[in-house]
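*Asks:* Each chain, written out:
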Amino acid sequence: MVTFVVRRVAYSIPVLLIASVLVFGFVRATTDPLARLRQGSRDPQAVPRERARLGLDKPLPTQYWKWLSGFVRGSWGDSFITRRSAAQEIRAKLWNTLQLIIWGILLSALVAIAVGVYSASRQYSVLDYTFTGLSFLGLSMPVFWFALMAIQFLVYEPRQIFHLDQPILYSVGLHSATPQPFDYVRHLALPVLTLSVQLVAGWSRYQRSSMLDVMSSDYIRTARAKGLPRRKVLLKHGLRNALIPLTTVMAIDIGALFGGLIITEKIFAWPGMGKLFLDALIDGDTNVLLPWVMVTAVFIIGFNLLADILYGVLDPRIRLS
Amino acid sequence: MQRMRGGKLLLVPLLAALIVAAGCGSDKKKTTASPTTEQGTVAKGGTLVLGAEQNGDCADWLGACAGASWNIYMIQQHTVPRAFNVKPDGEYEPSVLLDGEPTFESTPKQKVTYKIRADAVWSDGQPITSSDFKYVWDQAKNGTDIYDKTGYKDIESVDDSNPKVAVVTYSTPYADWKDLFGGNYGVWPSHLLLGKDRDAETKDGYTWSGGPWKLDHWTKDVEVKLVRNDKYWGKKPNLDAVVFKVISDTAAEIQAYKTGQVDGIYPQVQLELATLKNQPNTSFSTTPGFSYEAIWFNTSKPPLNSQAVRQALAYATDRKAIVDRLFGPISKDIQPLQSFTTPRNKTYYTKSFSQYVKDLSKVNSLMTGDGWAKGSDGIWAKGGQKASLTVRVTAGNKRRELTEQILQSQWKDAGFELTTDNQSSSILFGQSLPNGDFQVALFAQVPTSKSPAQCVNFCTESIPTDANKSGTNYYRISDPELDRIWKQVDQVSAESQRAGLVKQGADRLGELVPAIPLDPFPNTVVYNTAKLGGNIIDNPSVLGMFWNLNEWYCKGGKC
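Sequences listed follow chains A and B, in order. If you read the first sequence in my numbering, its first letter stands for residue 1, the second for the next number, and so on. If you read the second sequence in my numbering, its first letter stands for residue 1001, the second for the next number, and so on.
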């Protein structure tokens, strides 16, 4: 297993390097970190002065090499725009995104598995059709639209109906200006709900399909024939095996979420990795974009690796082979 | 089934708890809280929460990373003392830092003498002195990472021999001297910063203040919190604290206001804001500021290198129809702009483009006079070249994309073909405009003061070249008469003489048409009248709607 992990990590290094070269080349060729200064300053020398100070007048390979050698040594450099340490920026944003992901994943996994198992065990029932319809709705609904509807119907309307001074759930930021009861939960609820809708919709379909496959297996029939209770057959023998494909999908999705919550974070003013990426891309801030790509790639590779390992843990046949 | 019931039972107390938590202090309770407020007495205390569309990059106001309006709205103007304020009517007035109007002498050299109030102190109790003026000048003139040296590089010396009198002597006359030691920069505490790395000390915020507020914290992309500066010698704030929540999405910002999570917003004008006009307990006002939008031409690219074509395009454009379409639902008062200064800057506003109203007969006579003839497709052509143009705006800006569509239709009626090729802001401003890689562009100019100077936009020396990539005459207009007039504007201080020169320069621009001024870009002020009191109106300068934040109050002392 150790060899497997080491080999997978080693393979990912050239992938990361190629990704960083592509991102660096693409961003530097198409954006200008001094565009904002150019727009605002009346001083004709301001742009050349700043270009020289930031080393942007050097050839691109020189700039890239300077960044890469610094990165390897642990010095991630400063943002061109804010002048803050890129590592500091990413660390702060990563923690905010992590909070969304952890709660979102827990909620989504719980609901998706429950819905998937129920739908499979009551195939073609009214509730199965209902869940199927809702899943398709969830998958096809744009995130921004759902988020705005959630704000309208879970924040605005209840406040109007109950004549509340403060909304029950908040749609802005991480916390209130003055301490409020259940503040964390009330701020987290909507972004987590928005993030979960598509995850639940997708994962529950996987879980249902996987569960149906398993439930038609010979060993399940055998277990039933032996007279095991239905719940035991379903949860102990069926669910454990049916979780294997979902685990892979979940691990890949979780890795992608680290940089993929741009719309959710923007609408709920949640300062996370997605928003950091968008801002850095718009500003042409390669000093933030490159470590961002590295960190996100590490998470994606890490979670893919985790999926492989979990596969082995959940299915002894894979582990033994 | 039994378990489901149990689950529901768990939800009920949770929801009840949230509703009770949310209902702490209802609207009803608030309206009866303070009879004194209803009689007009200003209540003290409370924490006000406002929405902020953007976040600045840093708090080193002198540094190249500064300049974003929102950090000046939120932090700079409330913590950094300034020599002059700009009033809501656009006029300068000496600030509370000064003991009256500074003395201005134009000969033998331009010299300005500022008397600093005896009781003006920093938040640590140290007096604000002439050395603080000297520090700013020295940093701005000699620093290596400075946002804008304009004006400061023309200062020869700052005499700080008298701590309460700063004598500023210029090597060359600088007409906009009232912008200096104010505007984006202000006056800084030399006793805290001299000999230190200014940028490192300030870029993430600072604890000192020479204004009515102190910065409690700035969490980037999250919020800015200001608290009272108890050492402030002027009018102390009524509120205990102000929190600016950063909400960069316009739709989310509107929802945050509607749901009571913020009590005031200052958004860039968008049609969707119209939904707030009928919101209960809401003051919604839209007033033109100093910023303006125009249709900018690259006068070096055919067919726009022909003055007749540019004039014909001006006659082909129904600017009134565009402005009504863009801003009608929000405000009926906004009218097409007639020069490259807005009516809010009344001293320098002229009507140099007023002759350009849609007139297809004038388009025809100008184009035929220039040798063009209409083809079978109705588009002008000359020497085998069709009058086809491409316009660029920042991609994703819905208002400007709508303007493009209207222009396409209007210009097609007049025989011009218009296609669109929109770009991201950084490509448009970082590459296309400086490199002259455009024909027509649509964007806003955002002056931070009432200075009418335009040499930076229209003088020959400001055309970006390989040697000078930093000029902002992207339009490549080159005219000796324009150069002469606008250079003089930069040097003449007397307002009436300057206004005369500005009119000459604007009229000349009206003949050359390097651009068509479109609309005075309006500022929108929205706030909750049930909660907030004070003289809450827009200021067209870099101060924005928060220029008198220390005078605002929460009705009943609680927001």
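Everything labelled a hint here was simulated from the structure, so no lab data went into it. You may find that some hints are simply not true.
What the hints assert, rightly or not - Label-pair restraints from in silico Cβ distances:
| # | chain 1 | residue 1 | chain 2 | residue 2 | range |
| --- | --- | --- | --- | --- | --- |
| 1 | A | LEU17 | B | GLU1201 | 47 to 57 Å |
| 2 | A | ILE18 | B | THR1529 | 38 to 48 Å |
| 3 | B | GLU1551 | A | GLN180 | 20 to 30 Å |
| 4 | B | THR1282 | A | LEU17 | 35 to 45 Å |
| 5 | A | GLN152 | B | GLU1417 | 34 to 44 Å |
| 6 | B | ALA1444 | A | PRO181 | 23 to 33 Å |
| 7 | B | THR1169 | A | LEU98 | 34 to 44 Å |
| 8 | B | ALA1444 | A | LEU98 | 35 to 45 Å |
| 9 | B | ASP1421 | A | LEU139 | 49 to 59 Å |
| 10 | B | LYS1301 | A | GLN180 | 28 to 38 Å |
To be verified - Using 16 Å as the maximum straight-line C-alpha spacing, the simulated EDC-like pairs for lysine to aspartate or glutamate come out as follows:
| # | chain 1 | residue 1 | chain 2 | residue 2 |
| --- | --- | --- | --- | --- |
| 11 | B | LYS1503 | B | GLU1481 |
| 12 | B | LYS1362 | B | ASP1318 |
| 13 | B | LYS1258 | A | GLU157 |
| 14 | B | LYS1558 | A | ASP165 |
| 15 | B | LYS1258 | A | ASP165 |
| 16 | B | LYS1203 | B | ASP1159 |
| 17 | B | LYS1115 | B | ASP1145 |
| 18 | B | LYS1203 | A | ASP165 |
Stated by the list, open to error - Stretch by stretch, here's where chain A covers chain B in the computed footprint (C-beta under 8 Å, at least three residues):
| # | segment |
| --- | --- |
| 19 | 1065 to 1074 |
| 20 | 1144 to 1157 |
| 21 | 1220 to 1229 |
| 22 | 1239 to 1249 |
| 23 | 1253 to 1260 |
Being a predicted model, the structure only gives us computed values, none of them experimental. Glycine is no exception: its CB is placed at the ideal position from the N, C-alpha and C atoms.
*Asks:* Each of the hints needs a verdict: does it hold here or not?
*Replies:* Status of each hint after checking the structure:
no. : hint                               : verdict
1   : A/LEU17 <-> B/GLU1201: 47 to 57 Å  : 37 Å, violated
2   : A/ILE18 <-> B/THR1529: 38 to 48 Å  : 58 Å, violated
3   : B/GLU1551 <-> A/GLN180: 20 to 30 Å : 28 Å, holds
4   : B/THR1282 <-> A/LEU17: 35 to 45 Å  : 54 Å, violated
5   : A/GLN152 <-> B/GLU1417: 34 to 44 Å : 42 Å, holds
6   : B/ALA1444 <-> A/PRO181: 23 to 33 Å : 44 Å, violated
7   : B/THR1169 <-> A/LEU98: 34 to 44 Å  : 57 Å, violated
8   : B/ALA1444 <-> A/LEU98: 35 to 45 Å  : 38 Å, holds
9   : B/ASP1421 <-> A/LEU139: 49 to 59 Å : 34 Å, violated
10  : B/LYS1301 <-> A/GLN180: 28 to 38 Å : 58 Å, violated
11  : B/LYS1503 <-> B/GLU1481            : 13 Å, holds
12  : B/LYS1362 <-> B/ASP1318            : 13 Å, holds
13  : B/LYS1258 <-> A/GLU157             : 10 Å, holds
14  : B/LYS1558 <-> A/ASP165             : 12 Å, holds
15  : B/LYS1258 <-> A/ASP165             : 12 Å, holds
16  : B/LYS1203 <-> B/ASP1159            : 28 Å, violated
17  : B/LYS1115 <-> B/ASP1145            : 30 Å, violated
18  : B/LYS1203 <-> A/ASP165             : 37 Å, violated
19  : 1065 to 1074                       : holds (count 3)
20  : 1144 to 1157                       : holds (count 7)
21  : 1220 to 1229                       : holds (count 5)
22  : 1239 to 1249                       : holds (count 7)
23  : 1253 to 1260                       : holds (count 5)
In summary, the structure is inconsistent with hints 1, 2, 4, 6, 7, 9, 10, 16, 17 and 18 from the numbered list given earlier, while agreeing with the others.
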